[in-house]
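There are 2 protein chains.
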Amino acid sequence: MKNLKGALMFGQSGGPTSVINASAAGVFLEARKHPNITAVYGLAHGIKGLLEEDFYDMGKEDEKELLLMKNTPSSSLGSVRYKLANIDKDDTDYKRILEVFKKYNVRYFFYNGGNDSMDTCNKISKYLLSVGYDCNIIGVPKTIDNDLYGTDHCPGFGSAAKYIATTLMELNLDAKVYDKGQVAVIEIMGRNAGWLTAAASLAGYKGLGADLIYLPEVPFCVDKFKKDVKRVMDANKGKCIACVSEGVRNKDGKLIVEEFSDEKSKDHFGHTQLGGLAIHLADLINQEYGVKVRGIEFNLMQRCAAHLASAVDVEEAFNAGVEAVKAAVSGKSDMMVAFERDMSSGSYKCKYFLLPLEKVANTEQKVPLEWIINNGTALSQDFIDYALPLIQGDCKAPLEDGLPRFARLKKVQAGIKK
Amino acid sequence: MKNLKGALMFGQSGGPTSVINASAAGVFLEARKHPNITAVYGLAHGIKGLLEEDFYDMGKEDEKELLLMKNTPSSSLGSVRYKLANIDKDDTDYKRILEVFKKYNVRYFFYNGGNDSMDTCNKISKYLLSVGYDCNIIGVPKTIDNDLYGTDHCPGFGSAAKYIATTLMELNLDAKVYDKGQVAVIEIMGRNAGWLTAAASLAGYKGLGADLIYLPEVPFCVDKFKKDVKRVMDANKGKCIACVSEGVRNKDGKLIVEEFSDEKSKDHFGHTQLGGLAIHLADLINQEYGVKVRGIEFNLMQRCAAHLASAVDVEEAFNAGVEAVKAAVSGKSDMMVAFERDMSSGSYKCKYFLLPLEKVANTEQKVPLEWIINNGTALSQDFIDYALPLIQGDCKAPLEDGLPRFARLKKVQAGIKK
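As you go down the protein sequences, you meet chains A and B in turn.
Basically this note's numbering = 1-based index in the first sequence + 4.
Basically this note's numbering = 1-based index in the second sequence + 4.
Same shape as in the complex, but just chain A:
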């Protein structure tokens, strides 16, 4: 544990969320308080900005704008999907990172992201340890997917879950408005873990949810899906709402959306990202039962609808950034900030602790199978109890002209990029 004096670098990585900038705000505002931190840099596009010496002097930003970052969605610094090579095969990037760190006397490094980003963070940390360069490195968690290992939940999940539950309640009212049968299939993000799709059950808890919920944790059978929908239609005047994770797979592990792509227009779907599954499944129901259908994707909205962020999530994301700085300044390194649920007072409270980076890197946490009930179509009360505290309260940007006033950063270049 070392008390270091030098610059701080912070980068955002992976898919953005509604509250990823809240963590950045936490890091920047806390970092500016510590005399040992001589400069605060924000990397443009994460690790890419580091390799290219493309970063901003966050010390030059107005505090007011940094506070507005708490309610500004997406990654204000720019994000990246970049996987560091295994050091045994190619150490070019690692040497370059060391070079940049030395050049700017970087002694604090924070990386904000999900599984892949924690892998990057872990690799850099282990490399710098191996070469004896003193730098305190802390991972800051972030992912709407909520699948990081060892933490009760992840910043970003609560707001996405709140978006999904709120929007589903509204859609439920809309989809039932006519005196005719109608089937709505709603596609929700989550490639391997079904936490987000499970959030649909929160709307059901309020009486306005989905009739069927399918998570990627359980093999998906198209024939069973058709029968499930039929059963609900028969009991509900031809109406049914089904929520399906984009990542559902058949029993052989093949993505269902790929099954459709094979049969029909392979060029049309799944070639750039997942998506399109809802339309395919809705179409199938239409062909089978001749009922009116609608395929709905929550698409990018579920990860950037900051106007519907959970106040709990915003606060925890901000605190994750603050805690990261406090830990690093107190000499901690090679760790990720994690959340623990404290119910000892009878109500929900979040406690922060540190997890070794290597434990988190590349490990996925899925929805417990015992929480998935009704033959793989619903969530138990365990999930409701788990998720409900995470979606409490509203916290959004102030209005200007009736629209959100998001942070406007100066982004003063502090590296070499023009």
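The set of hints was computed from the structure by calculation and includes no laboratory data.
Worth double-checking, as some hints may not be accurate.
A pair holds if it fits inside one copy or across any two, identical chains being indistinguishable in the list.
[Stated by the list, open to error] Simulated pairs of lysine-lysine, DSSO-like, Cα-Cα distance not exceeding 30 Å:
#, residue 1, residue 2
1, K400, K353
2, K234, K336
3, K184, K258
4, K9, K52
5, K210, K400
6, K210, K255
7, K230, K421
8, K414, K87
9, K296, K130
10, K37, K370
11, K243, K107
Since the structure of chain A is already known, use the hints to place chain B on it.
Coordinates of chain B only, in the frame set by chain A:
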């Protein structure tokens, strides 16, 4: 002009909106104040409930729940799409309506909807006049499409416009997050009038909008679209956001989404409703330029996202219901409540007046062509000035468990339906 004593019937019709229930609340709460109104009935599924004697006694509802209707999306009574036959061809429905009105002594009738619904309202009004049955009939406007003739704007538009502008601002930040080219095509409702798609320009006014906006008022050429996108990509590091109305048509008046359906999988798209256009156009860009693409539909969310309703819209929708009752009670009939913009004080104010129903029925108001600029890809400041006052302020349901607490009506049956 007659001062009548008897029951009031109110029905909701056509596609629901975020604030259609606010108008219902205005009608019910105002109606309960007037001694000449002996009963207040809410029709289940509009005209269908009238024909089937399926309606609720709104006098039995708690005032608190009626007030919550102001922030409850979709049609709480149920909606319908039912076109009355021309009376010269078939007067069955008309006779049945008269029969029901006589049975329950209905002397006040209000119908809430868009063009088609005003046509229905007009037909019933003219029939009752022709047979000499005294009943004061007032149309209450409603449509996110904003295409009703003779009124400055329509209840429902402001909230949908606010959803579109806010969501586009959030998506703009998300779509630019990586240091790579990406094209997002966003599909917005509006079969013939482009008001909603034009609302994308409000996000642009705040610096976070679309690069290209295509309205159905201007013929759409797929080749020009591809070139427009390329031009924007070239100037913006491969990035482009395009908003397209679902109702864009080629120069021969054929829907673009149908062009795609012909070429490819006709079974897949456009057979139940519009939609799917964004995916098709995004796919086309991907094939042409090999860039990463995303097709996004705002889908039903744009008409039911009550959590993002405009306070101005909620208030005006409520007032439209109140004004309808006041007009009818004072002896007016055969009219629709309409809005006039009063800028005499230097700031926006809405005034209410009455328009003859026959002037409104089946007439569409489109976006003025002179407001559509940049070779059919943008809106002028005229539109911003027009729309901005309509999206001001927030007004949403209170939270319960972190989720909206929508109205819960008792729906006490007052007709004959079990």
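These are the hints, each one checked on the structure:
Proximity of K400 to K353 under the C-alpha cut-off of 30 Å is found in both arrangements, the shortest distances being 21 Å within a copy and 27 Å between copies. Taking the shortest Cα distances, K234 and K336 never come within 30 Å of each other, neither inside one copy (56 Å) nor across copies (49 Å). Only between protomers do K184 and K258 lie at most 30 Å apart by alpha-carbon distance; the minimum there is 29 Å, versus 35 Å within a single protomer. Within a single copy, K9 and K52 get their C-alpha atoms as close as 25 Å, which meets the 30 Å cut-off; across copies the closest is 75 Å, which misses it.
In this homomeric assembly, K210 and K400 come within 30 Å of each other (Cα to Cα) both inside a single copy, at 23 Å, and across copies, at 17 Å. Taking the shortest alpha-carbon separations for K210 and K255, neither the intra-copy value of 32 Å nor the inter-copy value of 48 Å comes in at or below 30 Å. In this homomeric assembly, K230 and K421 never come within 30 Å of each other (Cα to Cα): the closest approach is 55 Å inside a single copy and 32 Å across copies. Proximity of K414 and K87 under a CA criterion of 30 Å is satisfied intra-copy only: 29 Å inside one chain copy versus 57 Å between copies.
When the C-alpha separation of K296 and K130 is checked against a cutoff of 30 Å, the pair qualifies neither within a copy, at 56 Å, nor between copies, at 34 Å. Taking the shortest alpha-carbon separations for K37 and K370, neither the intra-copy value of 38 Å nor the inter-copy value of 56 Å comes in at or below 30 Å. In the homo-oligomer, the alpha carbons of K243 and K107 never lie at most 30 Å apart, since the shortest distance is 64 Å inside one protomer and 33 Å across protomers.
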